[in-house]
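Protein chains in written order, with our numbering: chain E, 1 to 249; chain C, 1 to 56; chain R, 1 to 229.
Hints in this document: simulated from the structure, not taken from any laboratory.
In this text the structure is predicted, and so the values were computed from the model without any measurement.
Glycine residues also receive a C-beta, built at the ideal position from the N, C-alpha and C atoms.
Take these hints with a grain of salt, some might be off.
Stated by the list, open to error - Per label pair, the in silico range of CB-to-CB distance: (1) E:L6 x R:Q79: 21 to 27 Å; (2) R:G44 x E:F157: 30 to 36 Å; (3) R:V168 x E:L6: 35 to 41 Å; (4) E:N30 x R:A132: 47 to 53 Å; (5) R:R162 x E:P26: 57 to 63 Å; (6) E:L130 x R:L12: 31 to 37 Å.
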Amino acid sequence: MGTRVLGIVALVAVLAASVNALFLVPADVNQGDAQRIMYVHVPSAWLGYLSFGVTALAGIGYLWKRDLRLDAVAVAGAEIGVMFTAFAIWGGMMWGRPVWGVFWQWEDPRLTTTALLLALYLGYLLFRRLTDDPHRRAARAAVVGIVAAVDIPIVHFSVEWWRGLHQGPTIGSPDKVLHPSAPGLFVLALVSMVVAFTLAWAWLMIRRYQLARIDWQIEEHGRLGRISAARRAVRAAATTPADGAAEGA
Amino acid sequence: MQDLGFIVAAYGVILGGMALYAVLLLRRLSAARRASLQVRRDAEAGLPSPPPEAEA
Amino acid sequence: MSALRADASAALAIARKDAIAELRGRQIAGSTLFFATLVLLLFGFALGPDSRRLAEAAPGLLWLAIVFGSLLIVARLHQLEAEDGALEELARYPIERHAIYLGKLLAGLAAVLVLGGVLLPVVAILYGIDLAAAWPALLATLVLGAIGLAAVGTFYAGVTVRMQAREVMLPLLMLPVVAPLLLATVKATSAALTANALGDLGAWLQLLIVFDVVMAVAGAATYGHLLEE
Chain E
1 MGTRVLGIVA LVAVLAASVN ALFLVPADVN QGDAQRIMYV HVPSAWLGYL
51 SFGVTALAGI GYLWKRDLRL DAVAVAGAEI GVMFTAFAIW GGMMWGRPVW
101 GVFWQWEDPR LTTTALLLAL YLGYLLFRRL TDDPHRRAAR AAVVGIVAAV
151 DIPIVHFSVE WWRGLHQGPT IGSPDKVLHP SAPGLFVLAL VSMVVAFTLA
201 WAWLMIRRYQ LARIDWQIEE HGRLGRISAA RRAVRAAATT PADGAAEGA
Chain C
1 MQDLGFIVAA YGVILGGMAL YAVLLLRRLS AARRASLQVR RDAEAGLPSP
51 PPEAEA
Chain R
1 MSALRADASA ALAIARKDAI AELRGRQIAG STLFFATLVL LLFGFALGPD
51 SRRLAEAAPG LLWLAIVFGS LLIVARLHQL EAEDGALEEL ARYPIERHAI
101 YLGKLLAGLA AVLVLGGVLL PVVAILYGID LAAAWPALLA TLVLGAIGLA
151 AVGTFYAGVT VRMQAREVML PLLMLPVVAP LLLATVKATS AALTANALGD
201 LGAWLQLLIV FDVVMAVAGA ATYGHLLEE
């Protein structure tokens with residue numbers, strides 16, 4: 001049960017990294033303790049984008065190979081991606097209020113791009129829900145996912161350009177923690193949290209993928225069962241004489 | 001700690017949300033495994049099964 | 001080379017078919033123009049009566065109206081065929097899928113251009129802005145924006161054409177994707193109306209060109225998968 005081991009390792013890693021981020025790492029000089037929120041915001045954002053990439057690639061793979069297992073990967077990526085993207089936005093807002101003074105900043109390209117990413121994901125999931133046939137659903141979802149993925153860099157680019165027209169926030173930039181000159185302890189805390197979150201992500205993806213496959217199998221067997229039951233009913237009706245005499249072979 | 005409320009809100013929702021999702025996922029998984037067994041038995045016995053809920 | 005010409009003539013034929021159907025029915029044009037004008041009127045009520053605020057907001061309001069109008073346009077263009085099952089018929093002809101996509105894109109583009117062309121003077125009147133000096137830049141922005149909207153809209157209309165909840169799914173899927181287009185067209189329009197912002201205008205138009213090319217290519221490449229079922 002390798003997955004179970006992975007799950008336990010991920011759990012321990014997340015707890016350890018969180019304790020470190022909350023209590024052991026020193027507070028930032030400028031942003032204070034609020035900077036600790038970056039240690040969960042950044043990994044969430046990274047995993048949100050990673051999941052989306054997985055969904056888009058799995059979609060391309062499905063269109064190529066027509067293997068429904070790839071579609072299971074795609075839906076796993078989308079559901080888990082929605083979650084991490086929502087976390088990233090929430091973390092960004094919780095960080096923004098103490099540091100910027102506001103919950104939202106239009107000019108921050110990451111926040112606005114991530115919000116749009118969430119909208120694209122939710123549209124993708126809703127779209128899947130409204131199609132029944134597994135292969136049609138997989139093909140159409142793949143196509144929707146590809147176009148959405150292609151849009152993301154354009155969105156990011158355009159918001160950065162937008163920001164360039166006004167002076168962007170200089171103090172209190174969320175990117176500060178990623179800057180190469182950041183203190184070693186900060187970098188270590190962030191990297192360890194990224195690793196821990198990614199382990200958790202991998203476990204979640206595996207489990208969600210398993211669930212998707214079983215759901216599909218249920219659909220398949222259910223369908224076959226209904227078909228064979230219908231066939232049986234038709235055959236029984238054909239061999240039963242109309243006057244109710246004993247049934248033939 | 002300064003800004004404690006925001007830190008608690010951030011970590012609470014994110015870590016708590018992940019944990020909640022993991023628990024729900026495990027429950028969905030075991031329910032699905034049971035349902036899958038049931039449906040397969042039904043199919044082999046020639047019984048119709050009700051259509052499943054629309055997949056997520 | 002002849003394959004390319006065959007594609008192009010197929011695309012034009014489809015576009016012409018849609019345009020003729022539209023002119024005969026007058027359904028899309030009339031109702032869409034009416035709707036978009038209503039939207040502009042309501043914006044006036046929502047943000048007015050301060051004429052300076054309206055004039056400042058005018059580029060954004062114009063393009064919101066165009067975006068909403070284009071939702072109606074592309075949905076209707078796909079319904080023309082879906083209702084009679086003609087879309088499947090079309091798919092059986094020996095023409096390339098991307099030619100079908102391009103044909104519908106052209107029809108949509110024409111409709112959105114007409115929409116924008118009508119709305120520009122409406123905006124000038126309702127929000128009190130002077131368009132005369134900037135008309136080449138405004139035209140360029142309109143054309144590039146319309147291409148992007150037609151490219152994205154035709155694609156998503158094809159995605160949602162036979163779905164149950166398509167009236168809500170089309171906007172839901174399309175609107176996030178066109179957010180950068182909206183940003184770029186509004187900024188370009190503002191830059192065009194401000195005398196000394198030519199550098200900005202160029203940058204935003206470039207972004208629009210990138211958007212148009214990327215979306216049209218992605219749409220053409222994947223449209224085929226939507227027809228084969």
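Here is what the structure says about each hint:
1. E:L6 x R:Q79: 21 to 27 Å: violated, 49 Å
2. R:G44 x E:F157: 30 to 36 Å: Once the Cβ atoms are compared, 33 Å apart, the range 30 to 36 Å for F157 of chain E and G44 of chain R holds.
3. R:V168 x E:L6: 35 to 41 Å: Cβ of V168 of chain R to Cβ of L6 of chain E: about 39 Å, so the range 35 to 41 Å holds.
4. E:N30 x R:A132: 47 to 53 Å: For N30 of chain E and A132 of chain R the Cβ distance comes to about 50 Å; the hint holds.
5. R:R162 x E:P26: 57 to 63 Å: holds, 59 Å
6. E:L130 x R:L12: 31 to 37 Å: The hint (31 to 37 Å, Cβ to Cβ) holds, given that L130 of chain E and L12 of chain R are roughly 34 Å apart.
Figure legend: structure checked against the earlier numbered hints; the only hint not met is number 1.
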